[in-house]
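Number of protein chains: 2
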Amino acid sequence: MVAPVPGLSINLATVRQQWNMREAAEACVRHGIHAISPWRDQVAAIGLDEAVRVVRDLNLQVTGLCRGGMFPAATAELRQAAIDENRRAIDEAAALKADCLVLVVGGLPGGTRDIEAARSMVRDGISTVLPHARAQGVKLAIEPLHPMYAADRSCVNTLAQALDMAGEIAPDVGVAIDTYHVWWEPNLAASIARAGRDGRIFAHHICDWLVPTKDLLLDRGMMGDGVIDLSGFRAMIEAAGYFGSHEVEIFSAQDWWTRDGDEVLRVCVERYQSLCAARV
Amino acid sequence: MVAPVPGLSINLATVRQQWNMREAAEACVRHGIHAISPWRDQVAAIGLDEAVRVVRDLNLQVTGLCRGGMFPAATAELRQAAIDENRRAIDEAAALKADCLVLVVGGLPGGTRDIEAARSMVRDGISTVLPHARAQGVKLAIEPLHPMYAADRSCVNTLAQALDMAGEIAPDVGVAIDTYHVWWEPNLAASIARAGRDGRIFAHHICDWLVPTKDLLLDRGMMGDGVIDLSGFRAMIEAAGYFGSHEVEIFSAQDWWTRDGDEVLRVCVERYQSLCAARV
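Heads up: the sequence lines are chains F and E, in that order.
Residues are numbered in our numbering as their position in the first sequence, beginning at 1, plus a constant of 146.
Residues are numbered in our numbering as their position in the second sequence, beginning at 1, plus a constant of 146.
If you are wondering where the hints come from, they were derived from the structure by calculation, not from laboratory data.
A couple of the hints might just be wrong.
Pairs involving identical chains hold if they fit within one copy or between any two copies, as the list cannot separate such chains.
[What the hints assert, rightly or not] Simulated pairs of lysine to any residue, SDA-like, Cα-Cα distance not exceeding 25 Å:
(1) Lys243 to Leu204
(2) Lys285 to Gln419
(3) Lys360 to Gln419
(4) Lys360 to Thr404
(5) Lys360 to Arg162
(6) Lys285 to Ala227
(7) Lys285 to Glu196
(8) Lys285 to Ala220
(9) Lys360 to Arg234
(10) Lys360 to Asp260
(11) Lys360 to Phe397
(12) Lys360 to Gln163
(13) Lys360 to Asp298
(14) Lys360 to Gln400
(15) Lys243 to Arg405
(16) Lys243 to Arg280
(17) Lys360 to Ile315
(18) Lys360 to Gly313
(19) Lys360 to Thr258
(20) Lys360 to Ala219
(21) Lys285 to Ala240
(22) Lys243 to Ala220
(23) Lys243 to Leu356
(24) Lys285 to Glu231
Chain F with its partners taken away, still in its complex shape (with noise of 0.2 Å):
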């Protein structure tokens, strides 16, 4: 039996080229990972029920349920369905006792421009499912995603504003925290330990930022092959106050997902194992 690595938690989007999520989820317990978070897709993939048993059996941690949000629409009628589709979301996250049910926002309705009028959508779905979040014990992060999928993705696009944007909510709204997407943030520092101390940080996201980076979405890389500096970003999250998961999440189209999952993971482990021990 591998030893087991604590701390480590491997997002399902990183081997969904090569596994199921029950496949992905055993291949992780070979490597002495025991936490992980599946995406709705991968979970949908083997029905929720096998996922739930996937989870009891393996004794596993689900660090978050990927993904809730994407709430902006252009009309009321589709509104309502991506509140709808966010409390199917919630329950699904309950149903595997998620950490948290990841908020990818959305960005700009089809044929509009107005990205403030987006966010204030985002902020209505968000309150508007919270009561049912609140009832099934689902904590609910939002993912500030990198300013590049502003349009298309995420009109949440800073830790700063993500912060903002769950103070107007409400405190127990939190924020999921990715590397990849803030690390280029103006006082960055600053905005992680208002996160800790406001008690928001609900998940951490780790990958690197390569240069060059060849596509906008599928081009993210193993840590250390890129520019981020994760060792001082683990020391300001620590700072802050977290000692949760570090969650590992890479979509790489053309280098990890073409590999053997088994290799991606375990370069995964030895990855986050050299953070862990640059930081002593």
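With chain F's structure known, arrange chain E on it following the hints.
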């Protein structure tokens, strides 16, 4: 003779594949455009003296020279070389009577990961060349670049951050506000208002954000083809007291750079005039 198009400037990167600086400038005049902004390599290709003659002969406004900056470097020698290069850029801007020298400030020095250190090098670099710029009568405009360029082109990534930095350096350091780079920015209206109040808006660049964006650098859109609320942007910048030029700057390897240059300028004029009309 075509009617002049007041307020429109063409950044000559927009037609860099079609023409040299003289050809591009003459084409602009053919289309009623009497303001340009050349890049230093375009000036160098015909020689500074000839570039000055082009501007004088055609009676052109030069809304900016692109670009100074690129201050961060791994060694003191390389940082000094960047300072020297910026002094030459200032001299060229003075010779061309450019409204400002646009600063693309630079990203992480190769092999480094400390973005705050890079930002300090930028502050130091601008402070160091500022006396020379003043002596030459050249205004320095920090251009915040989209965060997707934080690693390799600019560690100044929001207008708010650029204004903070300008404020730390001197009252006569300004900003170049490009719709492409800052359209997504939280609290954008407030930052633009602040820039105007502080007298720091030295240049304004326009183009559009395409969905999808296929390349991080060379897939910018013609005004109207993307998702930026350019009318709203214009309203914000005019509310801030800016009534200077609107400089079209489009890097577009697969589209506009492959078209006939006269077609590009014709469409620039059309779209710019549509924006002006929409404003009334």
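Open item on the list: If you test the structure against every hint from before, which numbers come out violated?
Closed with: 2, 3, 8, 9, 15, 17, 18, 22 and 23
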